[in-house]
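Residue numbers (full-length UniProt numbering), protein chains in the order written: chain E, 1 to 85; chain B, 1 to 269.
Hint data in this document are derived by calculation from the structure and do not stem from the laboratory.
The structure displayed is predicted, hence computed values, not measured ones.
Built from N, CA and C at the ideal position, the CB exists for glycine as well.
All clues stand as given, with none of them false.
Some residues of chain B that are not near chain E, with every Cβ distance over 12 Å (derived):
#1 L48
#2 N69
#3 R92
#4 T98
#5 L106
#6 S110
#7 E167
#8 R176
#9 D205
#10 G223
#11 E230
#12 S232
One side of the interface only, derived from the structure: several residues of chain E facing chain B at Cβ under 10 Å:
#13 Q23
#14 I25
#15 V26
#16 E29
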Amino acid sequence: MSFFDYFRSRKTRSAQLAKERLQVIVARERVHRDGPDYLPRLQEEILNVIRKYVQVDEDAVSIQLERDGNCEVLELNVTLPEQRV
Amino acid sequence: MAKIVVVTSGKGGVGKTTTSAAISTGLARAGHRTAVVDFDVGLRNLDLIMGVERRVVYDFVNVINGDANLKQTLIRDKRVDGLYILPASQTRDKDALTTEGVERVLNELSEDFDYIICDSPAGIERGALMAAYFADEAIVVTNPEVSSVRDSDRILGILSSKTRHAEQGNGPIPGRLLLTRYSPERVARGEMLSVEDVQEILAVDLLGVIPESRAVLNASNAGTPVILDEDSDAGQAYADAAARFLGEEREHRFLDVPRKGLFGRLFGS
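Build out the structure end to end from the sequences listed, making use of the hints.
This is the structure:
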């Protein structure tokens with residue numbers, strides 16, 4: 001890196017952005033790819049059920065199927081909005 | 001029994017054919033009888049990269065259809081002993097590669113060779129699926145760039161389920177990453193994904209890193225696999241990758257910015 005790049009570097013860290021975007025999209029695509037066909041529909045239905053009670057974003061529900069030997073674990077993560085008291 | 005290796009990527013233009021040519025040449029040079037097969041039906045190019053385009057008489061589809069036998073069709077490389085090229089057909093018939101036909105040809109090659117390198121076309125259609133289906137091992141060629149990395153992940157997914165190996169319940173085939181067109185300068189400036197970034201995202205073992213290099217275009221202009229340009233950085237990086245493929249331990253090179261003097265550091269690009 002040259003002396004002048006030192007001042008430019010702050011705005012050209014595009015690689016970091018690329019990495020973050022890739023991590024998100026790759027994780028999402030893997031869920032759809034590796035999981036059974038019903039997984040996306042299951043995710044949508046769970047999201048709708050949650051929305052009956054709490055207003056959450058579309059990406060608030062993440063669903064993951066993990067295989068461990070012949071045991072499958074369905075992991076469901078719901079991010080609830082911050083409580084206003 | 002030959003080991004069948006698919007060179008694949010998903011995205012086009014990242015260096016599959018360059019890699020197939022280089023790695024197969026490297027394996028043959030190490031004394032292993034190697035056949036390199038172009039699966040890109042309709043868009044034959046391996047012949048050009050290997051510099052044998054004027055010696056193509058028959059092609060892969062001719063062999064599948066029984067119009068020619070393998071002996072008539074395989075092109076013997078004149079530079080390296082034990083290296084043979086099976087050119088792709090230029091037919092527009094997308095269904096020319098039948099599963100049975102490909103299996104028969106690979107079985108026949110298998111009797112005579114130690115390694116069969118399958119140069120996959122881009123995309124995830126028939127040619128690409130056929131190139132991968134019978135593979136025992138995969139080399140996934142990736143550029144440090146978002147669309148290439150994403151497509152490689154997609155291909156890794158296909159490799160884990162859509163191969164004969166996987167369908168027979170033997171799990172995913174081992175796949176290794178070959179990162180090409182790598183520029184340590186741009187990585188240092190934070191403009192390019194680093195090899196660690198790509199490995200972290202794809203979670204596969206690293207076969208090698210090929211630096212962005214003039215030698216690659218020069219080699220393809222001349223029809224010489226770049227691995228034979230032993231003075232070049234890319235040629236040496238491919239030689240390392242081929243050696244690692246054969247189980248040798250070699251340190252990764254060309255990952256860091258060459259050191260510059262004070263003047264260069266102050267005013268360099």
